[in-house]
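Engineer: Residue numbers (our numbering), protein chains in the order written: chain G, 36 to 492; chain S, 1102 to 1246.
Some hints here could point you the wrong way.
[Said to hold, decoys possible] Footprint (simulated), chain S over chain G, 3 or more residues, beta carbon under 8 Å:
(1) 378-392
(2) 469-476
[As the list claims (entries may be wrong)] Stretch-level coverage of chain G by chain S, calculated; a stretch enters the list once three of its residues show a Cβ under 8 Å from a Cβ in chain S:
(3) 153-166
(4) 324-336
[Stated by the list, open to error] In silico lysine-lysine, PhoX-like type, Cα no more than 20 Å apart, as pairs:
(5) G:K68 - S:K1123
(6) S:K1192 - G:K392
(7) G:K255 - G:K193
(8) G:K366 - S:K1175
(9) G:K293 - G:K198
Simulated from the structure, these hints should not be mistaken for lab results.
Predicted model only: the values in this text are computed from it and were never measured.
Yeah, the Cβ is synthetic: ideal placement off N, Cα and C, and Gly gets one too.
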Amino acid sequence: MKRGWLLGVLGLVGVAGVTVLLLALLTNIFERKQEARQAFVRLVDVTEDTLDPRVWGQNWPMQYDSYLKTALPTTTKYGGRGLGASDGGPAEQKLGRDPWLKRIFAGYAFSLDYRDRRGHAYALFDQEATRRVTEKQQPGACIQCHASNLALYRFAGKGDIRKGFEQVSGMPYRDARDMKDDKEQPLVQHSIACIDCHEPKTMAVRVTRPGFIAGIKALKAKQGIADYDPNRDASRQEMRSFVCGQCHVEYYFKGPGKVVTYPWANGLKVEEIEAYYEREGFTDWVHAETGTKVLKAQHPEFEVWSQGIHARAGVACADCHMPYERVGALKVSDHWVRSPLLNLNRACQTCHAVPEKELEARVLAIQDRHHALLQRAARATTDMLDVIVAAKKEGASEATLQAAAAQHRKAQWRLDYVAAENSMGFHAPQELARILGEVIDHARQGQLEAERAMRKK
Amino acid sequence: MFFACLLGIPAGVGAFTFVYAKGFSYLSTDPRACVNCHVMNAQYDAWRMSGHRHTATCVECHLPHTGLAKWLAKADHGFRHSAAFTLQNFKEPIEITPRDREIVRVNCVRCHDGLVHAIADAPGRNAGALDCMHCHAGAGHGAGG
């Protein structure tokens, strides 16, 4: 009798356990089915006036979670070294690692402070911490990329974003940054945010930076396409690169109004951009060592990527830097924008059926070669600077040094273009090697010209 | 009465779960059963655009064609896939296991034997040494499928 009871209780517990497992399975299947049915739930209404990413995050929590991770420090062999965000301080100095940078930027704010990158979360913070901004007067133009700025532009332009952008660009940085609306609410509060790349009604990817919209229009006009509007005319796959190309580009501040302008009217290649600047008669600053009028290049990732094999194959920035991930039954693009080296399986293996270790080795082979060639080109450039400086000291006239100065301008533009580009050669290895070859040629020619000038004197 | 309840409740819940989870679809050869859980959407979409879509469904290539082996493989796939999807602990992009790759290879030869027997049965070679998919990686669902 006693044993019968025991068996009965055990049976009850066993069957209850099985029932619990079955119900757990049932709910799990139910949840997955629900996920597949509805990609997101609009808990709050987001509009053009919803600037705070936290509000968007209520509707799109998975994207928002990964977006928040851009605050995390990441490190690859050539990028993002140093403690960076982990201790709340800025990333490591590039100037300390590559002292030649200090020389090529002599007399320019970049010789004061030039650091490794951090994630999107720090775009606004870091730019206000750099000595380039704290010690030098900078224009409101910087806000075009370092902040979520649509509200500011709409307010300043009384509804017209382009007009507001032009107005803000010319203001002193601090005035633009501290601008308030009629209700005394600050207009700039966030770093790069949801609204900068997404249309709030449909969540479609869109471009908002006025500088990019004008730049791509000029580029397409050169290619024979009149009145190009990326938000209307680009394919979705193109837009998945254009959103990044809004800021990861070469640009300059045009005229006294400091309007952020992308020099693409002539094409995207390094010599096409150079020709554009020559035609405009543009110069960023006068080099402190040589007195040469030189150009500054800024992170031309979009331009360099467009010369590479991945762009040729139709692979967008987002395919590698924001690859799709599966969360439950959903496909979500990873908003933790970072180096594909940190996410090889999603970033590369979707197309390349090759082990991760092998893929990493391929990338590093490209980067190591590129790094070695870059150092060699930098050496050629500083050698040229040495001789020009020596020639000036010996009393060579400006007229006799003109040929050397012309080579300096060309060599420096190309070297900086490659060094400022963030991929250590990977976005377009052959194109960048070609440019570095030209750097070495121009630098050595400049060196010869300076020596000739020294003898002529 | 007591025992009827004891066994009836889990049986009922189990039966409902089975039907709700489209359990019967897994006893069919319908390719749509393979995307019930959406993990293989990309493969399914690519197969629908591929040259094989007219002649070979998922199971033509991915299951053995002899009695017991077929059911064993079905049970193995079923268990592994449902466990992986429930626990969400699998690596992506998904990758075929060596055992399942061998099943596919045998099936390549099963249909293409007339063309490839001279290669596949070349003297002095281990029959398994020639892996069709080494070169034809896109066959079925992929570039040039």
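Engineer: Count residues of the region 324-336 of chain G with a Cβ under 8 Å from any Cβ of chain S, then say if the count reaches three.
Structural biologist: With 0 residues closer than 8 Å to chain S, the region 324-336 of chain G misses the three-residue bar; violated.
Engineer: Decide if the proposed pair is consistent with the structure: K293 (chain G) and K198 (chain G), CA atoms, cutoff 20 Å inclusive.
Structural biologist: Roughly 13 Å separates the two Cα atoms, so the pair holds.
Engineer: For the region 378-392 of chain G, does the count of residues with a C-beta closer than 8 Å to a C-beta of chain S reach 3?
Structural biologist: The restraint on the region 378-392 of chain G holds, since 5 of its residues have a Cβ under 8 Å from chain S and three suffice.
Engineer: What's the verdict on K255 (chain G) and K193 (chain G), does the C-alpha distance respect the 20 Å limit or exceed it?
Structural biologist: Since the Cα atoms of K255 (chain G) and K193 (chain G) sit roughly 29 Å apart, the hinted pair is violated (cutoff 20 Å).
Engineer: For the pair we were handed, K68 (chain G) and K1123 (chain S), check the Cα-Cα distance against 20 Å.
Structural biologist: holds (11 Å)
Engineer: Using C-beta distances, would you say chain S covers the region 469-476 of chain G, given that this needs three or more residues below 8 Å?
Structural biologist: Violated - the region 469-476 of chain G has 0 residues with a Cβ nearer than 8 Å to chain S, which falls short of three.
Engineer: Mind checking, does the region 153-166 of chain G have 3 or more residues with a CB under 8 Å from chain S?
Structural biologist: violated (count 0)
Engineer: Would the hint linking K366 (chain G) and K1175 (chain S) be met if the CA-CA limit is 20 Å?
Structural biologist: At roughly 27 Å apart (the allowed maximum being 20 Å), K1175 (chain S) and K366 (chain G) break the hint.
Engineer: Is the straight-line distance between the alpha-carbon of K1192 (chain S) and that of K392 (chain G) 20 Å or less?
Structural biologist: Satisfied, since the Cα-Cα distance of roughly 15 Å is no more than 20 Å.
Hints 2, 3, 4, 7 and 8, counting from the list given before, are not met by this structure.
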